[in-house]
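4 protein chains.
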Amino acid sequence: MTPLGVGLIGTGYMGKCHALAWNSVAPVFGDVERPRLAVLAEASQELAEKKARELGFEQATGDWRSLVTDPAVDVVSITTPNAFHPDMAIAALEAGKHVWCEKPMATKLTDAERMLAAARASGKVAALGYNYIQNPVVRLIRRLLDEGRIGEVNHVRLEMDEDFMADPEELFYWKSEATSGHGALDDFGVHALSLVWTLFGGVRRVCSHMAKPYADRPLREGGRRAVETYDIATTLIELENGASGVIALNRSAWGRKGRIFVQLFGSKGTVVYDQERMNEVQLYTTDGPKEIQGFRTILTAPHHPPYDKFIPAPGHGLGFNELKIIECRQLIGRIRGEAATLIEFEDGIRIERTVDAIARSAHAGQWVDVATDQGKRAA
Amino acid sequence: MTPLGVGLIGTGYMGKCHALAWNSVAPVFGDVERPRLAVLAEASQELAEKKARELGFEQATGDWRSLVTDPAVDVVSITTPNAFHPDMAIAALEAGKHVWCEKPMATKLTDAERMLAAARASGKVAALGYNYIQNPVVRLIRRLLDEGRIGEVNHVRLEMDEDFMADPEELFYWKSEATSGHGALDDFGVHALSLVWTLFGGVRRVCSHMAKPYADRPLREGGRRAVETYDIATTLIELENGASGVIALNRSAWGRKGRIFVQLFGSKGTVVYDQERMNEVQLYTTDGPKEIQGFRTILTAPHHPPYDKFIPAPGHGLGFNELKIIECRQLIGRIRGEAATLIEFEDGIRIERTVDAIARSAHAGQWVDVATDQGKRAA
Amino acid sequence: MTPLGVGLIGTGYMGKCHALAWNSVAPVFGDVERPRLAVLAEASQELAEKKARELGFEQATGDWRSLVTDPAVDVVSITTPNAFHPDMAIAALEAGKHVWCEKPMATKLTDAERMLAAARASGKVAALGYNYIQNPVVRLIRRLLDEGRIGEVNHVRLEMDEDFMADPEELFYWKSEATSGHGALDDFGVHALSLVWTLFGGVRRVCSHMAKPYADRPLREGGRRAVETYDIATTLIELENGASGVIALNRSAWGRKGRIFVQLFGSKGTVVYDQERMNEVQLYTTDGPKEIQGFRTILTAPHHPPYDKFIPAPGHGLGFNELKIIECRQLIGRIRGEAATLIEFEDGIRIERTVDAIARSAHAGQWVDVATDQGKRAA
Amino acid sequence: MTPLGVGLIGTGYMGKCHALAWNSVAPVFGDVERPRLAVLAEASQELAEKKARELGFEQATGDWRSLVTDPAVDVVSITTPNAFHPDMAIAALEAGKHVWCEKPMATKLTDAERMLAAARASGKVAALGYNYIQNPVVRLIRRLLDEGRIGEVNHVRLEMDEDFMADPEELFYWKSEATSGHGALDDFGVHALSLVWTLFGGVRRVCSHMAKPYADRPLREGGRRAVETYDIATTLIELENGASGVIALNRSAWGRKGRIFVQLFGSKGTVVYDQERMNEVQLYTTDGPKEIQGFRTILTAPHHPPYDKFIPAPGHGLGFNELKIIECRQLIGRIRGEAATLIEFEDGIRIERTVDAIARSAHAGQWVDVATDQGKRAA
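Protein chains in written order, with the UniProt record's numbering: chain C, 1 to 379; chain V, 1 to 379; chain H, 1 to 379; chain S, 1 to 379.
Just chain C, same shape as in the assembly (with noise of 0.2 Å):
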């Protein structure tokens, strides 16, 4: 097999961490031909060489849509601004590349679907970077769950905090700019929902309550500018297995870094975990006999794959870099026509259809129907 050319348009947080992770899949993993990193994408020329540099690119390029008809790439990793991303993929799509973009897949739901349509117009793989998924703790879970452990899932819990915008003092940015969405709802919230449908599936219906926390904030230039994103997005959810549940993000949440906690409750049992101890996760069985039942906390290890292809011995812990590598064997598995644990397009719209109901739900103040595609299938 010739080896995947890839081109990245992109190289803040995200496009770094696609970055790594097309040069590690092949080490660690040891059974894929080692991506070739043809072309890479920046704002201007000059950017793009000295990241390509640094990055191990073979070219470098300031206009995106050369990268995309580009014939030494197979594949597109799609890692800017959100607003970016419809324009992009769609582009990428129709050159008949494979798209890898970061979530949310568009800031406006029309947009998604839209991506939606080109890639199934397309019939490339088309797949998002909903990297904590890709968790072997999270596996674990899944496999937890499929197994029966905890019976039967009735009520689900899940927490996302960050601190990034929680000093009210901080300048207005674009994060609190209508035109960047909701707020923390689609900005790092998706990634709950990400969990939830990984986990569970679909989300019937929600109702939701977004708050801001600080009516202002301060301009450079002196004065204040009213704030126009919900920092607090809190949304209680029935999935559509019947169980109940509330999705409780904050983005101004002080002393919270990378929080995800998630609590499902089950009829035998209960997981709970943490993203910010992202190796851990702890199950409660009611085995054995009462008097030595509790919460364990079992440390990712070698039989939790593919934490083995990291690390042959147990509780050395993988890093968040490190689920994007998996990510990216996942990614090029589904290329191979493999099975694999991916959230594609044909999945993520179910995503952005439950943030838009979600956003509908607070605006309204009460409760509202998750769309299905239904409809949208048929036509």
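Just to be clear, a hint being listed does not mean it is correct.
[Said to hold, decoys possible] Here are the computed distance ranges between Cβ atoms for each label pair:
(1) S:Thr2 - C:Asp31: 26 to 34 Å
(2) H:Pro312 - V:Glu58: 21 to 29 Å
(3) V:Glu338 - C:Glu170: 42 to 50 Å
(4) S:Glu291 - H:Pro305: 34 to 42 Å
(5) C:Glu177 - V:Ala364: 33 to 41 Å
(6) H:Arg142 - V:Pro305: 31 to 39 Å
(7) S:Gly30 - V:Ala313: 51 to 59 Å
(8) S:Gly30 - V:Ala215: 53 to 61 Å
(9) S:Glu177 - V:Ala313: 49 to 57 Å
(10) H:Pro305 - V:Glu33: 30 to 38 Å
(11) C:Asp31 - V:Ala313: 55 to 63 Å
[Stated by the list, open to error] Each computed DSS-like pair below joins lysine-lysine, with the alpha-carbon atoms no more than 27 Å apart:
(12) C:Lys268 - V:Lys175
(13) C:Lys212 - V:Lys268
(14) V:Lys175 - C:Lys290
(15) S:Lys212 - H:Lys268
(16) H:Lys50 - V:Lys309
(17) H:Lys268 - C:Lys290
(18) V:Lys268 - C:Lys175
(19) H:Lys175 - S:Lys268
(20) H:Lys290 - C:Lys268
(21) H:Lys290 - S:Lys212
(22) S:Lys212 - S:Lys175
(23) C:Lys268 - H:Lys268
(24) V:Lys309 - H:Lys309
(25) S:Lys212 - S:Lys108
(26) V:Lys309 - S:Lys290
(27) V:Lys212 - C:Lys290
(28) H:Lys212 - S:Lys290
(29) S:Lys268 - H:Lys212
(30) H:Lys175 - V:Lys309
(31) H:Lys290 - S:Lys175
(32) C:Lys212 - V:Lys290
(33) C:Lys290 - H:Lys309
(34) S:Lys175 - C:Lys309
(35) S:Lys309 - C:Lys175
(36) C:Lys175 - V:Lys290
[Said to hold, decoys possible] Quick partial rundown of chain H residues pointing at chain V, CB under 7 Å, derived from the structure:
(37) Ser24
(38) Gly56
(39) Glu276
(40) His316
These are calculated hints, taken from the structure and not from any lab test.
Please read all numbers here as calculations on a predicted model, not as lab measurements.
For each residue, glycine too, the CB sits at the ideal point set by N, CA and C.
Chains V, H and S: place on chain C using the hints.
Same frame as chain C, now just chains V, H and S:
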């Protein structure tokens, strides 16, 4: 001052807890007269006598009505099932006794309003058994809030979870009957509301979802009976002070035994508390260099009063029962005319109205305003 | 059975703790006669009277010798500084009273041996105040060991750390004087040894290192005085059962308040326990599939007796003072002739001899065998 | 600067870890030339070729001697079993190559001394693979110590525990043979010593106890064979700076997977760290009001370099393998002549001498001084 004469009705979980508190309050605090354990009432004379012997009461009766009018009794501890609270409390108040009634006030809001009216008419102290607010840790939290250590609180999350209803194959009993109340909400959720009240004051409006994890439960005589109460209640809230939040209750939460998990997010920090580790509180502040910021775990100590009345060394830990001793001391102080931390009927009614609003919200599937007593007070 | 008459000598930290225990043992357990709080002795008549009022004793005396011979007294609680223990305990035993003496027995091994002789001669119960062993968690650990849940224990680590001597600028006081004993070793390290004794039996030999974190401390009158005791003691041990281990003690350990951290490694699992979270124990076993093995945190519950005597609900937590109530119940049982979990002088002398061996080892810088009482018993 | 040519000997646990580090160091740090993965050596040509393909090396050889003299190789990664280190490292150094050798240096102190001599003679960089000291958390601890945040450290405790030898019924293999070394001490205890060295410098004297939890182990062919190495080693230490402490090692510690638990007690605070939660450190200081003092849990973040080279967001977590990338960057810097955090042979020999002293102490049952190289340096 002559010692208070105590009448105790009920000797279950909370009855014993009251008895132990009355028994220990004097030697623990050293500044109050030892109360006289005068009369104990139980369902039968025989049981009453057995329990009086065990718990150290002078007299025993199978008729609570004789207790509430007994001249030896100054204050009546009411620890019977909730449905009995209104009659007993009102009778005691009308007999000119102080009342210490376990939470919640009643199973119906109208009954609770009648209790409040009786308390107002009597001029006696009418306090409720919301012992969690007596934890020195909760006092510390209040002090942290007052001192502005975490700035202005803009978002709160409270969870209260136990697992005494978690087994779907446990026999149907009265807690699954509608006559017992709504379910988790009034069964124990009022404790969470008592913390909200103590720390922040009133709740303005609510939007709730209540769920039954198990549709039915087995009957002793065979077959199964449909469950009528809600083991799960999840509620979006807006506080009167403007903060948003969520209260999540689950009495079918496997592995949770006495969890009351509280997260308070402010403009300058965060407070986190878990009743299962009731001698700790976590605090994050933005003081000092970023490099060393983190949640600190504060252990209770003599400088967190009234811990010092129990133990002169830090970090040695109070127990659940000891919170009741603190509550008892507050009650005695209140009867003496001192300032006290207590939820009296005047305040307790606010919790009852919030419960009522939550239940109505869940049934209506929409936001409901919590009633205020402006009108009633005017009336 | 007529109620036991109690005499209490000393009303400091442990004196109050004894008083509270004697006061609560009957209502908590419900199966013993309420003891009569007969006489309280303090350094002066005035102080004794004040404390008797607070703690509920009938009579007060400034002369402990009159207390130990008072016919109203059946059992004497000795809670004075360690140097007073021998005279008081011996006098009480010689007067035909049962003795409940706070740990350690004495500041010198020879005194402890005299106390043991007096106990043997008297035929009375002579128990020591090693309350940590009364924690339901410790009982659970013993049961886990007996059931073989972690196989054969081959290695143990115990740490006991507090920070009441951690500030180098705190004034010199008697705990830094050689007359007070060795330092951390006998000041509180005996608690760690009491756990070793309770769980495993005797220590065969020891090799210790004692250290002074601060060479001198300030005097109130100016200048500084050399510290004579050792705030730190770290000891390699070999148990009589063949297991190896270490006991690390530090009373200058900033941030540690009541930590007793115990790690027990066995051939089939591990037990971990921290007194600062005294209502939890961690257990790792090799049962079940590897993928879900992990340390489980067991919360105390009614099925961990005698927790049930305090609270009928799990996970609500006992406090430090309540361990003394359990100890008191054991003592009453022992006086009644029941089997009891108690460290009596017969066993306590083993701890004292271990302390003596550790101190000698530290001074000699070499391994020292712990004396056994074979010879003495033979004598 | 022309890229470094890398030769890798060995492709086990650490071999792959080195390969991944060489592969990622350039894109992660962005400030070094991408090394050229020139030659890989394994036990056979066939295995070497397979691994070269997987790990991305240009050439493969079954003869490590040809690798160390290959002109394409500038630096040799040695990751073979410890017994091979001396010959390989000396040969590489004599061939004028830089050496990056996994810890420990050798199985015998005399061999390690020969390695040091070769390094000195060569003038090349000779570094050891002590990756735990590269954790940003350890760098932070060093900074906290340098800044005096916990005052003067007077007592240290280190524990290193895993459970790969915990099953007594696992077949006898080479780690239980005396030829493999002492046991836990040199197998992994050197990591604990590397932390001591990095944070505090040298160890002055030691007193150790080594134990065999299991006397024998089963043989594949039936019967059992006596265990010759010590899975447990517990050592009292005195540091050159005067602090006392203990190092406890156990490779039969059920449930511990990669635990390195470090407690550093100072005159103004305490630092606690556990490698199983390698992205956290706990700090207690005496700053601020007593009421809010407590151990704070600091999560790694971009302000803890070089975390920032991996992830721009705090609390997202590095993994074990990523420590090797940091070590690799340090090594490249050192080769370039920059200051570097590395344990080179000059320092590593101090660890080897400490190991030697510990082993001698355990066998002699007494305190042993750690040899210094004054004489040798003079020679």
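**Report entry** Hints the structure fails to honour
**Finding:** Violated: none.
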